[in-house]
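Undergrad: Chain residues, written in single-letter form:
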Amino acid sequence: MTIHPKPIEGRAWRLGDNVDTGQLALAEYSAQGVAVYARHCLEHLRPEFAAEVRPGDLVVAGENFGSGSSRETAVLALKHLGVAAVVAASFARLFFRNAINLGLPVVECKEVARIADGDRVVVDPWRGQVDNLTRQESYPASALPEHLRELLEAGGLVPWLERRMRDSR
Amino acid sequence: MSRPMTLAEKILARAAGRPAAAAGEILWAEPDVAMMDDPLGPNLIQEGLERLGGRLRHPERVVVISDHCAPPANVAHANLLKVTRQWAKRYQIARFHEFEGICHQLMVEEGYVRPGQLVVGTDSHTVMGGALGAFATGIGSTEMLGVLVTGQMWFRVPTTVRVRWEGRLPFGVMAKDLILHLLGQVGPAGLNYQAVEFCGSAVDALPMDERFCLTNMVVEGGAKAGLIPPDQVTREWLQAVLDPEAYAALEWLEPDPDAAYARELVESVDALTPQVATPGNPANAVPVAAVEGVKVDQAYLGGCAGGRLSDLAAAASLLGGRRVAEEVRLIVCPASRRVWQQAMASGVLQTLYEAGAIVTAPGCGACGGGHSGILGDGEVAVSSTNRNFPGRMGSGSASIYLASALTVAAAALTGRLTDPRDILEA
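Top to bottom, those sequences are chains A and B. The opening residue of the first sequence carries number 6 in the numbering used here; numbering runs sequentially from there. The opening residue of the second sequence carries number 4 in the numbering used here; numbering runs sequentially from there.
FYI, nobody ran anything at the bench for these hints, they're computed from the structure. A couple of the hints might just be wrong.
Derived SDA-like pairs: lysine to any residue, alpha-carbon spacing no greater than 25 angstroms straight-line [said to hold, decoys possible]:
id	chain 1	residue 1	chain 2	residue 2
1	B	Lys85	B	Ala364
2	A	Lys84	B	Gln49
3	A	Lys115	B	Ala364
4	A	Lys115	B	Lys85
5	A	Lys84	B	Leu55
6	A	Lys115	B	Leu55
7	A	Lys115	B	Gln49
So here's chain A without its partners, still in its complex pose (with noise of 0.2 angstroms):
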């Protein structure tokens, strides 16, 4: 299934600094199944996030989020919960490159200091430009170059795969 490249409006939910993949995806939990770390993710810092979260929500953090292991299982906790993107002002690498190539759209912007919890946001992966509907304003953001586009388009890294195997045949 191809990801069309439209903005992604959601509600926000504001984080930190420093996010790392254990708080999305709970060592304690481990072994268990996606599910289980879906319905633990970020207990330590928003108890309340597993069972306030709706499909279509937009995580919005600080510095450096995703940082720590390189489990995909932080990825795959907030897309389980229906996190349709994240927002941050910098991103560990590990996270970035497993939230493309799961298909979970990743945007860089500097100014989420101005984006409070709650705040209707639309975010745009492609053009690179983040809107906050609440406040009416409008901050840049980074724009992924073209093959991580093309990675996020088709859903991620296996079914990229998967249509290059069938047009090399």
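For chain A, the structure is supplied; the task is to place chain B on it using the hints.
TA: Just chain B now, kept in the frame of chain A:
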């Protein structure tokens, strides 16, 4: 002649089959080694692998090591090990290990990481292998799937930060203190997307065991790789690990003398003091003096950044003839079976035993919150491992102070965070 290159640029150029590479370029490179562990390996990639044809492009480049859940603490762990074992058998992976220790330690002990190579692994501390002059980096499981199927992966060639440490580490100060100090200087994202090249007389003087601790923890600053250009210490170490034929075939890449660095940090280590990372992040480094007296429930000596022979021996040197405080448990988790055996043969384990330590099976142990030393609610630990995020070793309300093996041993002895030099000099 091409533009001078850093070691990271040289290795990525070689792995991409190009004469040169420059920071910022995006290229497709072929990893020489692809390592998977138990939680993030076969169990997560198998479904995708089937979708993509079910065949490995280069099975001979694959390494599979079960370490996080070995020995298993519960049925879920045991099943994970089972799936991993069966996968390795099905795909005839010759380089498969379980119950032998931490993947990163085995990767270097077994000679799987070699100078000049591009190494990827499904664990963020894969960066440790860079101490042997390789470009080693952690990747996610789906990324690994791509590498297994295509043999390739895209890289943005990173800029390099050069860290030059001159002088001599003072008595009682270890590589762990150096890297915590660096992380404190740059912050938790201060090295994001970058490679770090270590050099200088203080680095030259470190044995491989200690060098591994430096490169292991660069990822705590966000770095993509940490590299130490090979020297005599590297050569001697590899000579002991590899058979003569493999040793003779090594490709010794070095940074060009006038390569371009994004930043250079130069410092004398002569006055460095033992460091501690306060709970929450490895970059929360302060001199141990700033937190002296904090009571600890558990002292943990283990992991791929603090469970090698040099760490165990350092702790034994401090604890010899002494006894750990009554209210503290000292848990020792050797990084590998080989470390365990060497510590036993050299009397280090005996000394630790006599001091009151509990020695557990080699592996990741409690470091990732797996087993064998998990912390309860509100407990305080001092640990020679590499991460202290909330909940990292168990309860989310537990506090973890990261420190060198010597500082861990000193805290075990007194029951409180203590400058190890006070005991060593006494």
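Undergrad: Can you give the numbers of the hints that this structure goes against, from lowest to highest?
TA: Of the numbered hints, 3, 4, 6, 7 do not hold.
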